[in-house]
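*Asks:* Sequence:
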Amino acid sequence: MSQTCCSENSCCCSESTGQAVNISTSLTFRDHWGAFKVRWGVGRTNYRVEPGLYAVGGPDENSPVLVSANYKLTFDTLRKNLAGLDCWLLILDTKGVNVWCAAGKGTFGTDELIDRIQMTGLSEVVAHKRLILPQLGAVGVSAHEVTRRTGFSVLYGSVRADDIRAFIASGYEATKEMRTVKFTLRDRLVLTPVELAETLKPLLMIFGVLFLVNLFAAKPFGVYDFCVFVGTIIVGSVLTPALLPILPGRALSGKGWILGLVWTAAALWLFGWLMPVQWLAVIGYLLLFPAVAAYLAMNFTGCTPYTSPSGVLKEMKIALPFIIGSGVAGAVLILINHLVG
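The numbering used here numbers the first residue of the sequence shown as 13 and each following residue consecutively.
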């Protein structure tokens, strides 16, 4: 393997042990800055480390072997929780994708794990035959097939990296708490910046269209329209994920639509638009903006343990026609109202 774990974004290595690269458990400013940028969608597709075998501390042939993904955010989260331990890290080539998503896509999978064991000569590095895999990667790995083809047995560790020290200290026994998948407010909010960043891209085109429309509009789009629109983006991308457990319904699109409807109605009342001469615009806003919030909330399905892959497909099949129909109808009514007055 390459004698570095450096990527284009950061470098985390110290020196080679001869069998693997020895890595630090301390994160640098550059690591934190890289993580911040990735949270906002900058350089996300290339934020990775080289797959292979790494050493933490001074591991020997009896030290545990932890398996993880080569997404650098995952890699950094794991290594910073291993301070004071002596262990090996076997990093799979997940194409820069985190463990959970890579397991679903198949890159954190049986064949990749077996190939990586063979390529690194792991059986010659350690005397035991035990691998510790993250629990969220279980769906992608056939444990009995790994054992049959390599002789290594597979143990599933804790859900969270910050429990891995306790898992190892307990003799590889996981408590119920370690096995529980949580999705706290912090977990949800930390995912919202990238959703906001992705939303900003089409906004430029939309604002460009509105600028052109204003050149011919009888009633130009103004600051109130902008406030309602931006508020809808925040409702769908931030508030819906934050309030996920308490919003009614199971479908994320439904939760987003409900909150979007509440926001739109409140904004219309707040700005005093509920007037007879404005009913065309009012109906248009009530059709368009809850649909936008529903769509943005539905994008969050890939980040949450609330839904399964089949559940996501089912929701999209049902919700998308409604969202598109309502959104197009609302946009047409709003344009008519602004163009003809």
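It is worth saying that the hints were derived from the structure and are not from the lab. It cannot be assumed that every hint is accurate.
[Claimed, not checked] What follows is a list of derived Cβ distance ranges for each label pair:
1) G323 x L203: 12 to 22 Å
2) D127 x K326: 39 to 49 Å
3) R191 x T37: 19 to 29 Å
[As the list claims (entries may be wrong)] Below, simulated DSS-like cross-link-like pairs (lysine-lysine); rule was C-alpha separation at most 25 Å, straight line:
4) K188 x K92
5) K194 x K141
6) K117 x K329
7) K194 x K213
8) K107 x K117
9) K107 x K49
10) K117 x K326
11) K117 x K194
12) K92 x K194
13) K49 x K188
14) K194 x K326
Heads up, the beta-carbon is just placed ideally off N, CA and C, and yes, glycines get one too.
*Asks:* Confirm or reject each hint.
*Replies:* Here is how each hint holds up against the structure:
1. Taken as a hint, the range 12 to 22 Å holds for the pair G323 and L203, whose Cβ atoms sit roughly 18 Å apart.
2. Between D127 and K326 the beta carbons are some 34 Å apart, a value that contradicts the proposed interval 39 to 49 Å.
3. Range check, R191 to T37: Cβ separation about 25 Å, and the 19 to 29 Å hint holds.
4. For the given pair, K188 sits about 23 Å from K92 by alpha-carbon distance, which is consistent with the 25 Å threshold.
5. Of the supplied pair hints, the one linking K194 and K141 is violated, its CA atoms being roughly 31 Å apart against a limit of 25 Å.
6. Between K117 and K329 the CA atoms are separated by roughly 21 Å; this keeps the pair inside 25 Å, and the hint holds.
7. Of the pairs offered as hints, the one joining K194 and K213 is violated, with about 31 Å between alpha carbons and a cut-off of 25 Å exceeded.
8. Pair hint K107 plus K117 holds up; C-alpha atoms about 10 Å apart against a cutoff of 25 Å.
9. Between K107 and K49 the CA atoms are separated by roughly 19 Å; this keeps the pair inside 25 Å, and the hint holds.
10. Taking the CA atoms of K117 and K326, the gap is about 18 Å. The hint holds against a cut of 25 Å.
11. Among the hinted pairs, K117 with K194 is consistent with the structure: their alpha-carbon atoms are about 22 Å apart, no more than 25 Å.
12. For the suggested pair K92 and K194, the alpha carbons sit about 20 Å apart, so the restraint of at most 25 Å is met.
13. For the suggested pair K49 and K188, the alpha carbons sit about 34 Å apart, so the restraint of at most 25 Å is broken.
14. A C-alpha spacing of about 24 Å is found between K194 and K326, which places the hinted pair at or below 25 Å, so the restraint holds.
Going down the numbered hints, you'll see the structure goes against 2, 5, 7 and 13, while the others check out.
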